Amino acid sequence: MVNVALVGLGKMGILHGAIMGALPGARVVAACERNRVVRHFAKSALPNVKLVGEVPELAGLAIDAVYVATLPGSHHPVVRDVYEHGVAEHVFVEKSLAASHAQALEMCRLADSHGGVAAVGFQKRFGGTFAKAKEILEASGLGSVTGFEAYSYSSDFADAGHQDATAASRGGGLRDQGSHVIDLAMWFFGDLEVISPGASPAGVPPDLSLGRVRAEDGVVGTFSVSARMPQYRLPEIGMRITGSKASIDVTDDRIVLNGHVSPRRWHRQDLDDSSVPFLLGDPEYTREGVAFLEAVRNGRAFAGADFHAGARVERVIDGILAAA
Amino acid sequence: MTVTSSPPHADDKLLLVGDNPFLGVSHLSQDRARERAPDVTGAAGAGELLATALDHGANGFLFSVSELSLTMLSTLRRRGRLGSTGLYAIAPWSFEYVRAAVRLGGMPGLARELGERVFRSRNAYAVAQGINGAVRNDLGAVYKGYLNYEAARIRTAGGPDVQIASYLLHEVVGDMALGLDMEWLFRAHVEANRRAGTAPGYNTRNLPLLVEKFRRWDISLAGAVIAAPFNAEGFQMCPSRAACEAALEELPDTDVIAFSILAAGHLGYTEAIDYVATLPRLRGVAVGVSKPEHARSTFKDLERAFRREAV
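These protein sequence lines map, in sequence, to chains A and B.
If you're matching positions, the first sequence starts at 368 in our numbering and goes up one per residue.
If you're matching positions, the second sequence starts at 136 in our numbering and goes up one per residue.
These aren't lab readings, by the way, just hints derived from the structure by calculation.
It should be emphasised that the depicted structure is a prediction, and the values quoted were computed from it without experimental measurement.
Careful, some of the hints might be misleading.
Think about it this way: if two alpha-carbon atoms lie no more than 30 Å apart in a straight line, the pair counts; the simulated DSBU-like pairs of lysine-lysine are [unchecked claim]:
hint: 1; chain 1: A; residue 1: Lys378; chain 2: B; residue 2: Lys348
hint: 2; chain 1: B; residue 1: Lys348; chain 2: A; residue 2: Lys417
hint: 3; chain 1: A; residue 1: Lys378; chain 2: A; residue 2: Lys499
hint: 4; chain 1: B; residue 1: Lys348; chain 2: A; residue 2: Lys410
hint: 5; chain 1: A; residue 1: Lys378; chain 2: A; residue 2: Lys417
hint: 6; chain 1: A; residue 1: Lys501; chain 2: A; residue 2: Lys612
hint: 7; chain 1: A; residue 1: Lys612; chain 2: A; residue 2: Lys499
hint: 8; chain 1: A; residue 1: Lys410; chain 2: A; residue 2: Lys378
Construct all of the structure, not just a fragment, from the sequences and the given hints.
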C-alpha cells in the first residue's frame, strides 16, 4: 500500500487526493494545509486523514509519496522541506514546477541527491489525443517537421482587472495553463530555445503571452497564451504541427491529420480515452496517477514529466517573459 | 411498462431533456460548443427547445441549478408546463463553483462568496444551518443549508408549488467524495432530500464504485435516483461498460437514468437508442438537444424503442 500525503487542499490537491484514494494500492493518510480555517473544516470533512499545518509535521507518519498542490510560488520551499525533513521518498508536484528556472534547478538538485520519483503534473501527456500526436510524430507521419503553432486559452480571468492579484499568484497565464503546452512541445520536439517574443496583434487580451522558439533540430514554433478569452468556456490547449508531407491539428478533444486524400480525425472516443479505473475531471489525471504509483512501487522512471523536464519548461517561460 | 409524455408516473420511462447543450457543454469538442448558436445557449432559445422536446415525448428535465436553467423553469411555469414535467435538479453546478474558486483565490474565497450569497438570500433555514455548521464544525449541517438555498432558488423561479423529483449530487463533488471516503456528505445529502420530500440522487461516472461504497457504508440506494453514463461505446463508463452494466443489475429498486447515451455526440441516434433500449433496468434516459428537429424526434424515437423492447 502506498501512503500518500497532500500538501495544499485546493481543488487540485483534492482532485489528486480523490484519485489516489480511489485507486487500488494507495490511500491518503495525511494532508498539510496552512490556512487555519480550511484545516479546521478539513478535519471533519476528511476524518480518516491526519491534518497538519506545516510540512515538517508530516515527518514520521510513514508517508511514501507527497502530492504538492499549492501555488507555484511555494513549490520550492515545500519540496525542500519534504526532502530535508525526510517526509517521504517520492514527490509529485502540480504544474508548474516552480516560480522560476532558478528555483526549478535547485529542486532538481535536491531531487537528484535525494533519489526517489520526482514527478511534475503535466498530465496532458497522458491525454489520448496528444499521445496520438506523439505516436504520429515518432512514426514520421508528417515527414520532416517544419514548424508548429501552439496556444493555451481560457476564460478564467476574462472578467478580471489588468493587474489581478489572483491571476498573478497562480503565476500568470503563461506559467499556469501555458506551461502545459510548452511541456507538450518539448515532449514532441525536444529542448526549446526562445528566439524572440512573438508578434503581438492589435486588440489582444492584456495578458496575452507570445513567444517564438526553436528546437534543437531547427523546428521553429510559436506559443500564444491567454486566460482572458471569453469564448473559451473551459481551458483549451491546441497545436498545429506542420510537416513536409502532412500536418496535424490537435486539441484536448480531437486530432486531425491533414494532407492525405481526405483528413483523418480522431476524437477522444475513438482513442478509448475514458478507459480508466476511476474518472474525476479528465481521464489523463487518473492515467498520470496510475503511472506515478507504478513508478513508486516498482522503482522505475515516471512515464510523465520529471523535475528536469519541469525545469526546462521554466527556462522557456522565463525566456518568453524576459523577451517580452 | 407504459410510456407517456407527461406526467411521468412510477411505471413510466423517464425521458428527460439534459441541459448540457444549453450550457455550452460539448464533450465531443469545445469547437462544437463554441459554434453553437446563441439560440441554443440563450435563455429564450433554450426554453423553446425544451418546450419543443416536452411537446414531443420528453416528460422531464435534468438540469444543473444555474441562472440559465432557472430562467427556463420560469418560462415553463408561465406556460403552465411545470406541473406535468419531472424535474431532476443537479447541485452544485460545479463548473460555476470551480471557476469561482480559480477567480477568488481558492477554497477560502469560494466559501466566503457562497456564504455571502446564502446570507443575502435571507433564507432563514440555510443561514441558520450554515452558521450552526460553521460553529460546530458540522459540514453536514452546512451542506443541508446549502441544498436548501438551491431549493429556494428553484422555488423562486418555478413558483412555491414546484415539485422536484430529486436533488442529485453533482458528479464532480460526488465522485470526489467517493474517492476521499466522505461518507458524511452522502448521509447529509440523504437527509437533505428526505427533509425536502425528494428522492436522494447521485450523478456519477463511477457507478460500480458508488454501489460498492454505499454497500460498505450501509447507505440504502432503494428509492434513490442515479444518473450515470450508458452508451454503446462505453464512453466515460468507469471502470468499464461491463462493470457498469453489472452494477445496474444490482440496483432493482433504484431509478437509474442513463446520460451520455450518444457518447457525447460520437454515436448516431439509432445506435445510441438501440443500446439503451436493451437495458430494461434503466428507469430512463437524459438527452441533450441542440436543434428543433432533434427536440421533435429524439424522445419519440426513444419512446418507440423502449416500447418495442418491452413487448
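Against the structure, the hints come out as follows:
no. : hint                   : in the structure
1   : A:Lys378 with B:Lys348 : holds, 23 Å
2   : B:Lys348 with A:Lys417 : holds, 21 Å
3   : A:Lys378 with A:Lys499 : holds, 28 Å
4   : B:Lys348 with A:Lys410 : holds, 21 Å
5   : A:Lys378 with A:Lys417 : holds, 18 Å
6   : A:Lys501 with A:Lys612 : holds, 16 Å
7   : A:Lys612 with A:Lys499 : holds, 17 Å
8   : A:Lys410 with A:Lys378 : holds, 16 Å
In this structure, none of the earlier numbered hints is contradicted; all agree with it.
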